[in-house]
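Line by line, the protein sequences give chains D and U. Each residue of the first sequence is one higher than the one before, starting from 1 at the first, in the working numbering. Each residue of the second sequence is one higher than the one before, starting from 422 at the first, in the working numbering.
Think of the hints as simulated: they come from the structure by calculation, not from any bench. One or more hints might be untrue.
One side of the interface only, derived from the structure: several residues of chain U facing chain D at Cβ under 10 Å [what the hints assert, rightly or not]: (1) G459; (2) L492; (3) P497; (4) Q512.
Virtual Cβ for every residue (Gly too), placed ideally from N, Cα, C.
There are 2 protein chains.
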Amino acid sequence: MKQSKLFYKTQKAVSEKIEVTSHRLLIKGGFIDQLSSGVYSLLPLGFLVHKKIENIIREEMLRIGAQEVFLPALQPKYIWEKTGRWKSVGQILFKFKDRHGKEFTLGPTHEEVITQIVQKQIHSWRDLPVYLFQIQTKFRNELRFFGGLLRAREFVMKDLYSFHPDEKDFERYYKKVINAYLRVFRRCNLKVKIVEASAAGFTKGVSHEFQVVTPAGEDTIFYCSKCDFAQNKEIAKVKEGQICPKCKEGRIAKERGIEVGNIFPLGTKYSKAFDAYYIDKKGAKRPIVMGCYGIGLGRLMATIVEVNHDEGGIIWPQEVAPYQIHLLPIEIKERSVFKAAEKIYDNLQKASLEVLYDDRQKESIGEKLVESDLLGIPLRIVVSKKTLSKKQVEIKERSKKKIHLIKIKDVIKFLKEKHYV
Amino acid sequence: MKQSKLFYKTQKAVSEKIEVTSHRLLIKGGFIDQLSSGVYSLLPLGFLVHKKIENIIREEMLRIGAQEVFLPALQPKYIWEKTGRWKSVGQILFKFKDRHGKEFTLGPTHEEVITQIVQKQIHSWRDLPVYLFQIQTKFRNELRFFGGLLRAREFVMKDLYSFHPDEKDFERYYKKVINAYLRVFRRCNLKVKIVEASAAGFTKGVSHEFQVVTPAGEDTIFYCSKCDFAQNKEIAKVKEGQICPKCKEGRIAKERGIEVGNIFPLGTKYSKAFDAYYIDKKGAKRPIVMGCYGIGLGRLMATIVEVNHDEGGIIWPQEVAPYQIHLLPIEIKERSVFKAAEKIYDNLQKASLEVLYDDRQKESIGEKLVESDLLGIPLRIVVSKKTLSKKQVEIKERSKKKIHLIKIKDVIKFLKEKHYV
Numbered sequence: 001m002k003q004s005k006l007f008y009k010t011q012k013a014v015s016e017k018i019e020v021t022s023h024r025l026l027i028k029g030g031f032i033d034q035l036s037s038g039v040y041s042l043l044p045l046g047f048l049v050h051k052k053i054e055n056i057i058r059e060e061m062l063r064i065g066a067q068e069v070f071l072p073a074l075q076p077k078y079i080w081e082k083t084g085r086w087k088s089v090g091q092i093l094f095k096f097k098d099r100h101g102k103e104f105t106l107g108p109t110h111e112e113v114i115t116q117i118v119q120k121q122i123h124s125w126r127d128l129p130v131y132l133f134q135i136q137t138k139f140r141n142e143l144r145f146f147g148g149l150l151r152a153r154e155f156v157m158k159d160l161y162s163f164h165p166d167e168k169d170f171e172r173y174y175k176k177v178i179n180a181y182l183r184v185f186r187r188c189n190l191k192v193k194i195v196e197a198s199a200a201g202f203t204k205g206v207s208h209e210f211q212v213v214t215p216a217g218e219d220t221i222f223y224c225s226k227c228d229f230a231q232n233k234e235i236a237k238v239k240e241g242q243i244c245p246k247c248k249e250g251r252i253a254k255e256r257g258i259e260v261g262n263i264f265p266l267g268t269k270y271s272k273a274f275d276a277y278y279i280d281k282k283g284a285k286r287p288i289v290m291g292c293y294g295i296g297l298g299r300l301m302a303t304i305v306e307v308n309h310d311e312g313g314i315i316w317p318q319e320v321a322p323y324q325i326h327l328l329p330i331e332i333k334e335r336s337v338f339k340a341a342e343k344i345y346d347n348l349q350k351a352s353l354e355v356l357y358d359d360r361q362k363e364s365i366g367e368k369l370v371e372s373d374l375l376g377i378p379l380r381i382v383v384s385k386k387t388l389s390k391k392q393v394e395i396k397e398r399s400k401k402k403i404h405l406i407k408i409k410d411v412i413k414f415l416k417e418k419h420y421v
Numbered sequence: 422m423k424q425s426k427l428f429y430k431t432q433k434a435v436s437e438k439i440e441v442t443s444h445r446l447l448i449k450g451g452f453i454d455q456l457s458s459g460v461y462s463l464l465p466l467g468f469l470v471h472k473k474i475e476n477i478i479r480e481e482m483l484r485i486g487a488q489e490v491f492l493p494a495l496q497p498k499y500i501w502e503k504t505g506r507w508k509s510v511g512q513i514l515f516k517f518k519d520r521h522g523k524e525f526t527l528g529p530t531h532e533e534v535i536t537q538i539v540q541k542q543i544h545s546w547r548d549l550p551v552y553l554f555q556i557q558t559k560f561r562n563e564l565r566f567f568g569g570l571l572r573a574r575e576f577v578m579k580d581l582y583s584f585h586p587d588e589k590d591f592e593r594y595y596k597k598v599i600n601a602y603l604r605v606f607r608r609c610n611l612k613v614k615i616v617e618a619s620a621a622g623f624t625k626g627v628s629h630e631f632q633v634v635t636p637a638g639e640d641t642i643f644y645c646s647k648c649d650f651a652q653n654k655e656i657a658k659v660k661e662g663q664i665c666p667k668c669k670e671g672r673i674a675k676e677r678g679i680e681v682g683n684i685f686p687l688g689t690k691y692s693k694a695f696d697a698y699y700i701d702k703k704g705a706k707r708p709i710v711m712g713c714y715g716i717g718l719g720r721l722m723a724t725i726v727e728v729n730h731d732e733g734g735i736i737w738p739q740e741v742a743p744y745q746i747h748l749l750p751i752e753i754k755e756r757s758v759f760k761a762a763e764k765i766y767d768n769l770q771k772a773s774l775e776v777l778y779d780d781r782q783k784e785s786i787g788e789k790l791v792e793s794d795l796l797g798i799p800l801r802i803v804v805s806k807k808t809l810s811k812k813q814v815e816i817k818e819r820s821k822k823k824i825h826l827i828k829i830k831d832v833i834k835f836l837k838e839k840h841y842v
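The following block holds chain D by itself, in its conformation from the complex (with noise of 0.2 Å):
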């Protein structure tokens, strides 16, 4: 992509009303734009994130056996009167009437759609377990936005349904899916904290949240230093410095932490509420159990930035960020900077690589660097006069301070090196 074609624009300076590091990042750079409070567009660079996170979670759902389907926002009184929930979870839900004087929500969560469709399609032991998922749009009315994409009023989720004969069905796929979050969050280069957090007295159990420990985290969790013991203050029963009540050995830490994901049993709340049960192979009807299990990418997509930063902008891990390489000429106005410059971007366009080609003439040198920094492209090549004369490139990873001087035709030969080919 030529930068002189792509639709961005980045600010020099944002309000001061934006706290929040990724929220500042994101809008600075140019990623995101602010519509509403607590609503967001995401432009070219922001989408291009949001696509790689998408594509990331949606292969994940994929390689548990999930299938893919796409569910209405729109969603009628009537299924949310079963559950009680047009109550219960009371003003969170935008409301309203169509012209014909139907009452309607906005999906703030599918349980109840999902739950009616299974109910009609599932009837025999036979026909379980069935894991279901999407990638949609929510929408809630929150009390308080925070943190641009942190806690927002319009946000796509992935979410997941699983349904199953028992629970020792459901306790071997939350399983599953707990492996396969963790392979989401490695792959966004998150360290993640599995903490248990109430179950909302759906079941017996405790749901998990998948923390990432930041100052930035609307959450306060506690969790030993030498263990995996983890728990929402919601729940906790331990207290900073105590010794942890499962290993014996380590100390109780309290940190803030935002929730990247959380995994939910749901038991049999909905199955019973929408009549979804099933015939066993003895002949006995018996309710589906089920589980949730839910990241929001918008989210998700702000703590990267929140923990992938520096003082000069974002570092994008590779498998999320918008392009692969930034491709910077230096003096592009010399014919021979620019010759190189145009070679190098064919070549790593054949190469199947994803580069951003700053090819603007007018912005200096000093401004397209520290651009450059803030907009956060893992690998960055410098094309200049003086490099040139020695057939070099330099070539920089965002997240280091080393500069490498290498052959332009060994340029390919490098990227292999650092896997970006």
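Chain D is already provided as a structure; the job is to place chain U on it using the hints.
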């Protein structure tokens, strides 16, 4: 995909109220499920088709230099007041308040949102032209919904917006979009007529609709039997049977059509409303000239069914089919048949073909064949004891009557000849 694992249920009979063929077949085949009037879920089979259509459209948009964005559905009242459309488009808007009392609507289209973004970023002739598109859910509080996905209240739409320094540049791109649209519809196996329609007073000219002629259409179009003259009834000044005013040779025919796409000159209506001006080469301030271009994905999907079906069911065009090949072993309980089918399934998958493998044990041969016709996968491979004795399988294209007897070892070769590999 093993059919025993696929989440779908075909229906023997559907309500007689469902009169439109595409609606009936999509419900009957388990592609979609109705949540509310004019509101549908895409089930796994339907999602696969929808995704293929999405990818075709995305490819053709990227090919004409458009950049992808993702804009909010939640839109504040004030932007709709800037263009006067809060009142003028009337009841088509779902309107409601958030918990802070602020008024919102759900985007039935995104001219307001995109023009506001462009106004912030474009200041100079150097920034133009720019083309931005999204594939995103729209909401329309329709008085009347019709034909399942043909006219829904919630639907996914590709909307492209183009921004130009002047009318001439706009017209150049408008023609490019026409060609991109023709490629999209050709890939969906749809014959379209480009029909003149009202430009709703935005510009002196007309807008254009891409109409598929079919009795299921809501629109009425007049067109010449010889030349490319075609007009929507709403602006037509011709009558059925008269001599074409353009070529003076053909006769005017009258037919019903489904509008699968439209392209629209917006002139400067929105840019003026949002103060989206730029400085031209001579230093003069000029309003940006705009165009908008839409394709409804669900309607396109339904239209494909409307013109690609027979009495047995759907006949998916290859590029949008949920799977390319339906592998159907008869007498699957026979060890030789089962083994042969499994091996063919493996080989087809290794050749990167999308295969639905009917591995179900309980269903009768008759049931399986009827269902296979209903689902409409373009090519069927039948494995039976009888043909296996000659090391052969039966291959039939869904759109044709002829059955080919093909040696198992020549299956991939045959598929290559038919352009499946």
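Evaluated hints:
Given the 10 Å rule on beta carbons, the hint for U/G459 holds: about 9 Å separates it from the nearest Cβ of chain D. Here the hint on U/L492 is kept, as its CB sits about 5 Å from the closest CB of chain D, short of 10 Å. Interface restraint check: U/P497 against chain D, minimum CB-CB distance 5 Å, threshold 10 Å, status holds. At a threshold of 10 Å, the smallest CB-CB gap from U/Q512 to chain D is about 5 Å, leaving the interface hint in force.
Checked against the numbered hints above, the structure violates none of them.
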